[in-house]
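Engineer: Protein chains in written order, with the working numbering: chain A, 1 to 254; chain B, 255 to 506.
It is worth saying that the hints were derived from the structure and are not from the lab. You can take every hint at face value.
To give an idea of the interface, some chain B residues facing chain A are shown, with a C-beta separation under 8 Å as derived from the structure:
{"id": "1", "residue": "350"}
{"id": "2", "residue": "354"}
{"id": "3", "residue": "355"}
{"id": "4", "residue": "371"}
{"id": "5", "residue": "454"}
{"id": "6", "residue": "455"}
{"id": "7", "residue": "469"}
{"id": "8", "residue": "472"}
{"id": "9", "residue": "474"}
{"id": "10", "residue": "475"}
Ideal placement from N, C-alpha and C gives every residue a C-beta, glycine not left out.
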Amino acid sequence: MAAKHALLLLVFLLFFQGCTAKERTLSVFAASSLREAFQDIAEEFEAQHGVRVEMNFAGSNTLRVQIEQGATADVFASASEEHILALERKGYVEQAKPFAGNRLVLIVPASNPAGIESVQDLRGDVKLVIAGEAVPAGRYAREALRSLDSVYGRGFSQEVLSRVVSNEDSVRGVLAKVALGEADAGIVYATDALAADGKVEVVELPPEAEVEPRYYVGVLANAENREAAEAFVDFLLSRRGRQILRSHGFEVVE
Amino acid sequence: MSFRLLLWACTALAASFVLLPVLAVLAGAGGIARLEQEAVAAVKLSLLTATLSTLIVAAVGTPVAYLLSRAELRLLETALSLPMVLPPAVAGIALLAAFGREGLVGRYLAEVGISLPFTTAAVVIAQSFVALPLYVRSARAGFASVSRNLEGVAYTLGAGELATFLRVTLPLAKGGILAGIVLAWSRAVGEFGATIMFAGNLAGKTQTMPLAVYSALQVSMQQALALSALLVLLSLAVLVTFEGVSRRQVNA
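One chain only, chain A, in its complex shape (with noise of 0.2 Å):
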């Protein structure tokens, strides 16, 4: 007896959430590297607004196809304009607008197991970890080797990535790898590198490694929360906003 009460009460309470849960929750879907500052934010609108903020972090081509394939979603967050400019002409995602900016380094953990003091090390006999192909943060780790090929002479990109021992899903997967100490190096972005808590030193590329990671913001087509979506997304581009993104090492226009 005691059972079918508790069976119940269970049915009534996963009624209730399901009822409360789809007019105030706003989902959002944000690139990895995006994390810590999109917390914070996050934390800032719910108490403004009284929305309960989810998030779902990943890679920006990961996210791109889970809201191909149906995933709901209110806002998307894209570490490059490739991803959420695809779904804009498939028509997923509405005004698509540049938020934030960023820049790529090069990580070897605290200890530096194989002594990297530049770029041109990575040529030795050393286990570099980038993020995939399709990840935004692995085009631009491969874009910045390109372009250094001008500097160091031909084939060079390719001595380097010759030394890539994982693709990652993620930013984020490359920075764990590194900050485990698994890695000898890995290319991230600036904030990701300031995320880790001390885990990891910088190595700056040099000037020519010229790439300019740009973040996207749009809120998608069939939001479920349209007003919620829009308010998320006009906090975001405030003062206020890019306050927080730039605590967190992004580059915000004034």
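We have chain A already, so just place chain B on it with the hints.
Structural biologist: Leaving out everything else, chain B in the frame of chain A:
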């Protein structure tokens, strides 16, 4: 009569639940005949590593299974089954903690210049770790079904322990051993979580088929479907072979 109907209704439901997604994969992949170079490399790597893992598991697991079938070692048996119930991601973390460059054992291996993570060897280690308990359990059951009297007869006829094991016990336990090999091999081919964490994801070196499917899905559903279809067919072949082998066992 109505009970019969209920049985059939449940069976129909279960069958469509299992077959629908499988058919959806095959239907979705229909348009794509061309497999990327990376996919071919993944298939080769999967076949190679899963076979190696199975050989290792069988070599190490057979004596263990025999011992477990002849001695009461409950605690050891439970401990050895652990990888079977561990979430694969935990298995990956555990392997890193043990054999990673800064791991418990790995740091000493690193001193003599051996680094396991991100190597094909790491793939084999991950697969062996999760496949070993499946093999041991199945082989153990096979050995347990062999009557000790038969072994006793062999001894009285003058056969040594090793000779008895090789010529009497092992052939009689064949059913459980073969089933264990198939189970271990399919688990090894399907291994994903521990592999991606411990061995990384590099085409041709550590990217096995499940990792290739996962990576493909990050680009497009189409590519993932094509690869998945291949995995479905491969699994089906294993299953059919297994059924065939076990049927022959029963008839023999």
